[in-house]
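Given two chains presented individually in distinct reference frames, assemble the corresponding complex, making use of the accompanying hints.
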Amino acid sequence: GIQVEQSPPDLILQEGANSTLRCNFSDSVNNLQWFHQNPWGQLINLFYIPSGTKQNGRLSATTVATERYSLLYISSSQTTDSGVYFCAADFTGGGNKLTFGTGTQLKVEL
Amino acid sequence: DTAVSQTPKYLVTQMGNDKSIKCEQNLGHDTMYWYKQDSKKFLKIMFSYNNKELIINETVPNRFSPKSPDKAHLNLHINSLELGDSAVYFCASRRTGARTSLHFGNGTRLTVT
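As you go down the protein sequences, you meet chains W and A in turn. The first sequence begins at 3 in our numbering and counts up one residue at a time. The second sequence begins at 24 in our numbering and counts up one residue at a time.
If you're looking for bench data, these hints aren't it; they were derived computationally from the structure. Just so it is clear, the structure is predicted and the values come from calculations on it, not from any experiment. Glycine included, each C-beta is placed from N, C-alpha and C at the ideal position. Among the clues, some could well be false.
[Unchecked claim] Subject to a maximum C-alpha distance of 25 Å in a straight line, what follows is the list of computed DSS-like cross-link-like pairs (lysine-lysine):
id	chain 1	residue 1	chain 2	residue 2
1	W	LYS109	A	LYS64
2	A	LYS45	A	LYS94
3	A	LYS59	W	LYS109
4	W	LYS109	A	LYS63
5	A	LYS59	A	LYS94
6	A	LYS42	A	LYS67
7	W	LYS109	A	LYS67
[To be verified] Computed beta-carbon distance windows for the label pairs:
id	chain 1	residue 1	chain 2	residue 2	range
8	A	SER28	W	TYR75	38 to 46 Å
9	A	SER103	W	ILE14	38 to 46 Å
10	W	LEU112	A	GLY39	42 to 50 Å
[As the list claims (entries may be wrong)] From the derived model, a few chain A residues whose C-beta atoms are all more than 12 Å from chain W:
id	residue
11	LYS32
12	ASN40
13	ARG86
14	SER103
15	SER109
16	SER124
17	VAL135
Next comes chain A alone, as it looks inside the complex (with noise of 0.2 Å):
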């Protein structure tokens, strides 16, 4: 099936471990984005690669590394784990380009216990 798809589906874990969110898409994109959705469902952007180059970087804590392999993948790395972490993950890409359209993940769901 071509997607994007994100592992893993759930992630529990304790304060101040270090956990790892994977992306990959086949749809041929060569723009992927990480956006958070907090629990009143706001979805706010976080991170865009494009061709393995990061072009946004909003204003996100240092303890979040994105880190781009190749163009269809788009990994999440999590430091130092807080509270204030526990959110739903979104993994999404798009072709270049403003007027396309985006598509998503399916979404992890961080517990930080």
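Just chain W, same shape as in the assembly (with noise of 0.2 Å):
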């Protein structure tokens, strides 16, 4: 079945260090978002990234749709980017609707 998994399911991570999360996904998407969600439970907008690169300060994340990942790179990690990552695809032909994977939870260490 349609399946989105991330890894590694935790991450521990000294400040100012940088960190790669991977997504992988079952089938041909339409949509690859990638979200933060703060120790608030907030969940915010990193990046809409069906396919290539892209970069937000910090972050970027890259999308190779033909091998079925994505990828969010966190350079220079702050105290402020722990929470959990999550990423979530939008299947072709899977009923406009995303679907999340279990996510990344991140903890950033001083």
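So, in structure tokens, the structure goes:
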């Protein structure tokens, strides 16, 4: 069935470190988004990235649609980056809905 | 501010009660959604409306009834609340078509005691 898998499930970083989060999806997609759920529970849009590469400050994302994965890069991590990172995919023929991965729980320590 | 807003932010109620959560968006979007986030943080779609018409209805107990009075509003009514309904409920919206970004409200934390 349609699946979105994220790795790693948990990650602890020292402030200033870099990291890469991965999202694998099981079929072709029309839409791929990355979200950050902050410690207050808000879901923040990071990237809309069905293909290609985008950058926003210390964050960047790359989706290789033909190989069915997306990567989120966090550089020079800060404590405010802590939270859960979700990728979500809108599968071709999937009925116009985003299917979420199980998330990566990130904790950035001083 | 342009946003997806939901009320209330917190809702604590007893088993058996009926409650509603309201959602409004002023982004000009015509598709709205309800998602449920369980205690393990997993987000699962419940319903979707497009221009007041129900287009997605996942396997959700019929105690849950969405209502869309217009394309800017999507409310969720829950009858006969059960302990297992405790979760965070998120409203979201986007323009019609899969190739558009989904925007979420801040969530409603429902606790059933």
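So, going through the hints one by one against the coordinates:
no.	hint	verdict
1	LYS109(W) / LYS64(A)	15 Å, holds
2	LYS45(A) / LYS94(A)	13 Å, holds
3	LYS59(A) / LYS109(W)	24 Å, holds
4	LYS109(W) / LYS63(A)	16 Å, holds
5	LYS59(A) / LYS94(A)	21 Å, holds
6	LYS42(A) / LYS67(A)	20 Å, holds
7	LYS109(W) / LYS67(A)	24 Å, holds
8	SER28(A) / TYR75(W): 38 to 46 Å	32 Å, violated
9	SER103(A) / ILE14(W): 38 to 46 Å	42 Å, holds
10	LEU112(W) / GLY39(A): 42 to 50 Å	47 Å, holds
11	LYS32	9 Å, violated
12	ASN40	23 Å, holds
13	ARG86	21 Å, holds
14	SER103	26 Å, holds
15	SER109	14 Å, holds
16	SER124	4 Å, violated
17	VAL135	18 Å, holds
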